[in-house]
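Peer 1: What follows is each chain in one-letter form.
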Amino acid sequence: MDATSRTFVANARAGLRDAALQTSLARFQGGFQVKRAEAAERLPEFEALRDEARAIKDHVLAHLDHYLERFEERVRASGGTVHWCETPEQARERILALCREADAKTVTKSKSMIAEEMALNPFLEEHGIEPVETDLGEYVVQLADERPSHIIAPAVHKTRDQVADLFHEKHTPLGRTRRLERVEELVEEAREVLRPRYLAADVGITGANFLIAETGSSAVVTNEGNADLTQILPRMHIVIATLEKVVPTLEDATTIMRVLARSATGQEFSTYTTVSTGPRRPGDADGPEAYHVVLLDNGRSRMLGSEFREVLRCIKCGACMNHCPVYGAVGGHAYGWVYPGPVGAVLTPNLIGLEEARHLPNASSFCGRCEEVCPVRIPLPGLMRKLREQEFAQGLAPAAVRRGIGAWAWLARRPALYRCLTGIGIGMMGALGRRRGRFVRLPLAGGWTGARDMPAPEGATFHALWRKERKA
Amino acid sequence: MSGAGGREAILGSIRRSLGRGPLDEAARATLDARIADPRPNLVPARSDLPQAERVALFTEMAEKVFATVDRVAGPEAVPGAVADYLAQHNLPPALAMAPDAALDAYPWADKPLLAIRRGRAEEADRVAVTGAVMGFAETGTLMMASGPEHPSTLNFLPETHIVVLPAERIGGAYEEGWARLREQGAGEAGDADDGGFMPRTVNLVTGPSRTADIEQTIALGAHGPRRLHIVIVEEEAP
Ligand code: SF4
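In the order they appear, the protein sequences are chains A and B. Position one of the first sequence corresponds to residue 4 (my numbering), numbered consecutively onward. Position one of the second sequence corresponds to residue 6 (my numbering), numbered consecutively onward.
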């Protein structure tokens, strides 16, 4: 997928000016935050389960090679095939080859962020295969020719009115000419339009929340049941997943499931959790005749050896973006690639390059809420800070920032001079700002005062106060 | 390239990142032993209850997620309960029923107006009737396993799904379901301790299909069933 992360600042401004987006964002974040908090409250073991989920993920990462080999062995034993792909290009070529093997004209898809990494839909279209998104939000995004703006609620940026207009426009050629108003009517119409697509599809592509080494199974979680119709009706089921999705046993997957839905939507459990193992068995009346797992690396094996290993624990629950004030202000599209919010700010620079995505780790107020709610306790603010350090070390920060920080560093290494100059500066600011208590504008700090006021200092530096205290 | 080349390249890259070569025999054996003897991790205490309270918790949790629950006194009451439910919801008295021997225990012939077809679900089917491997009180969740006796399409295609569940099949936590599948699979595929016990599709179902993708407003029946009705049968035929 082509990234627009480079223009984050402009993207964010556009998001802030988009009234419909602002309405949608205001509604959704509050709802998700309350529901998660209530779900956590109802389960006394919630915090302990987070610790266990984290430990399982760390254990897997330390033995990733073994569990993947073991997983493949079990997939093969149950009649399926694993395809190892280093790059998104290889993965989509492989998927295309499989679709051709199945003589596919249409492919149903349940939501997968990995497919977004591969830009799978446009690729299949180019090659004469029609992909049909089945998750309602993802279907809306596909009709609108947009990208998901959230990893579990892809159309969260759209209002009901916008969806109503979109359906009216796109479904009119199907003979559905009435503009629908109510959410239930819109859901019903999508159900009716998509049903024949499920039945006609030759291949079904799903993502995976877990790969289970014990049994060679893939597990996928939805509320709509779309991943199920996607996988049991067509002749071939293709699962796409990244390496770190593997867990040792069904019990380990279960522990993580207990924190997944609660963190994501505040549900006790998602409506459908489906564990699939190989193709249909002798005597089965339904189910796919072929089962393939396309395993994508795309930089994860390299990240495993870096200081960003911990982000590979991510279970893609979306809690960090549901609780992020920056995401809540600018929306998911501003981040410019597959993963928005705090997890995107860490993952994106690692996967597409810091140069491409250097703004993202800076789009944080370091309030720490993402880390507080992350079910697998990924220290997201700490990882963002490391990326900022790298940005500086690699000389990617703009010249003004570099000069400013360089000057400060020079000064800070000269304590006497530092005390003298900061004392004068703070004293002046204190005197100038005393009347209003704050500055609406400051020379050289337009980036700060453009969006908020700078409180006026009390008139003495911390160093000065400290010395005074010590003497007293 | 993907295929064997991709496999070796990815495994090599993982090992470089972990700063080691392939694991030795002993290390592999330790990891495999963990898989061969899969222990539950922390299981929430919520569902650790006497059986009657488990059934009550199961009912409460299932109803919270928009399933409906009916409790009948014995197997002979099942066909009547199903017929009544259809009538209440103006549904046609035509059932696509799983070819599951356990469902034969109910005297369907008592309700001659019910047209019953056994087999997988087809596009036109409006009501499915199936059993379930287990129910879990923890969240009001049903476990269903595919096989000749239970085609998975029955769980998803028809707009109404009726599940007949003997009360004794209601357990506490999901882990009991995995244990049950391992037990059932032992002897069948012959390698239950080697992961070969899994049916093609295991569905954990918690309420009817829903979506909140438009303005976080919950709507039922997104793609799967709009209605999930659970008939709990209090005592089994002797
Ligand atoms: S980083 Fe944590 S909170 Fe964010 S999506 Fe991943 S698991 Fe969820």
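These are calculated hints, taken from the structure and not from any lab test. Given the structure is predicted, the values throughout are model-derived calculations rather than measurements. Backbone N, C-alpha and C fix where the C-beta goes; we use that ideal spot for every residue, glycine too. Worth double-checking, as some hints may not be accurate.
Claimed, not checked - In silico lysine to aspartate or glutamate, EDC-like type, Cα no more than 20 angstroms apart, as pairs:
1) A/Lys173 - A/Asp205
2) B/Lys116 - B/Asp105
3) B/Lys116 - B/Asp89
4) A/Lys173 - A/Glu188
5) B/Lys116 - B/Glu68
6) B/Lys69 - A/Glu358
7) A/Lys319 - A/Glu55
8) A/Lys38 - B/Glu68
9) A/Lys389 - A/Glu359
10) A/Lys108 - A/Glu76
11) B/Lys69 - A/Glu271
12) A/Lys38 - B/Glu65
13) A/Lys38 - B/Glu220
14) A/Lys38 - A/Asp21
15) A/Lys319 - A/Glu374
16) B/Lys69 - A/Asp205
17) A/Lys38 - A/Glu50
18) A/Lys108 - A/Asp205
What the hints assert, rightly or not - Computed far set for chain A versus chain B, every beta-carbon distance over 12 angstroms:
19) Ala156
20) Pro176
21) His240
22) Glu392
Peer 1: Evaluate each hint against the coordinates.
Peer 2: Checked hints:
1. A hinted pair counts as satisfied when its Cα atoms are at most 20 angstroms apart, and lysine 173 of chain A with aspartate 205 of chain A does not qualify at roughly 23 angstroms.
2. Our distance criterion of 20 angstroms between C-alpha atoms is met by lysine 116 of chain B and aspartate 105 of chain B, whose separation comes to about 19 angstroms.
3. A hinted pair counts as satisfied when its Cα atoms are at most 20 angstroms apart, and lysine 116 of chain B with aspartate 89 of chain B qualifies at roughly 10 angstroms.
4. At most 20 angstroms may separate the alpha-carbon atoms for a hinted pair to count; lysine 173 of chain A and glutamate 188 of chain A meet this at roughly 15 angstroms.
5. The hinted pair formed by lysine 116 of chain B and glutamate 68 of chain B fails the criterion: a straight-line CA distance of about 27 angstroms is larger than 20 angstroms.
6. A hinted pair counts as satisfied when its Cα atoms are at most 20 angstroms apart, and lysine 69 of chain B with glutamate 358 of chain A does not qualify at roughly 48 angstroms.
7. A distance of roughly 17 angstroms separates the Cα atoms of lysine 319 of chain A and glutamate 55 of chain A; the hinted pair therefore holds under the 20 angstroms criterion.
8. For the suggested pair lysine 38 of chain A and glutamate 68 of chain B, the alpha carbons sit about 18 angstroms apart, so the restraint of at most 20 angstroms is met.
9. A hinted pair counts as satisfied when its Cα atoms are at most 20 angstroms apart, and lysine 389 of chain A with glutamate 359 of chain A qualifies at roughly 16 angstroms.
10. Proposed proximity of lysine 108 of chain A and glutamate 76 of chain A is contradicted: the alpha carbons are some 31 angstroms apart, above 20 angstroms.
11. At most 20 angstroms may separate the alpha-carbon atoms for a hinted pair to count; lysine 69 of chain B and glutamate 271 of chain A meet this at roughly 10 angstroms.
12. The straight-line distance between the Cα atoms of lysine 38 of chain A and glutamate 65 of chain B is roughly 19 angstroms, inside the 20 angstroms bound, and the hint therefore holds.
13. For the given pair, lysine 38 of chain A sits about 15 angstroms from glutamate 220 of chain B by alpha-carbon distance, which is consistent with the 20 angstroms threshold.
14. As the CA atoms of lysine 38 of chain A and aspartate 21 of chain A are separated by approximately 26 angstroms, the hinted pair breaks the 20 angstroms bound.
15. In summary, the hint linking lysine 319 of chain A to glutamate 374 of chain A is supported, as the alpha carbons are separated by about 14 angstroms, within the 20 angstroms threshold.
16. Our distance criterion of 20 angstroms between C-alpha atoms is broken by lysine 69 of chain B and aspartate 205 of chain A, whose separation comes to about 37 angstroms.
17. With a C-alpha separation of about 16 angstroms, the suggested pair lysine 38 of chain A and glutamate 50 of chain A falls inside the 20 angstroms cut-off, and the hint holds.
18. In summary, the hint linking lysine 108 of chain A to aspartate 205 of chain A is supported, as the alpha carbons are separated by about 7 angstroms, within the 20 angstroms threshold.
19. Consistency note on alanine 156 of chain A: stated as away from chain B, yet its beta-carbon is not over 12 angstroms from all of that chain's, at 6 angstroms minimum.
20. Every CB of chain B is more than 12 angstroms from the CB of proline 176 of chain A (nearest about 22 angstroms), matching its label as outside the interface.
21. The beta carbon of histidine 240 of chain A sits about 10 angstroms from the closest Cβ of chain B, which is not more than 12 angstroms, so the claim that it is off the interface is violated.
22. The Cβ of glutamate 392 of chain A lies farther than 12 angstroms from every Cβ of chain B, with a closest approach of about 21 angstroms, so its non-interface assignment holds.
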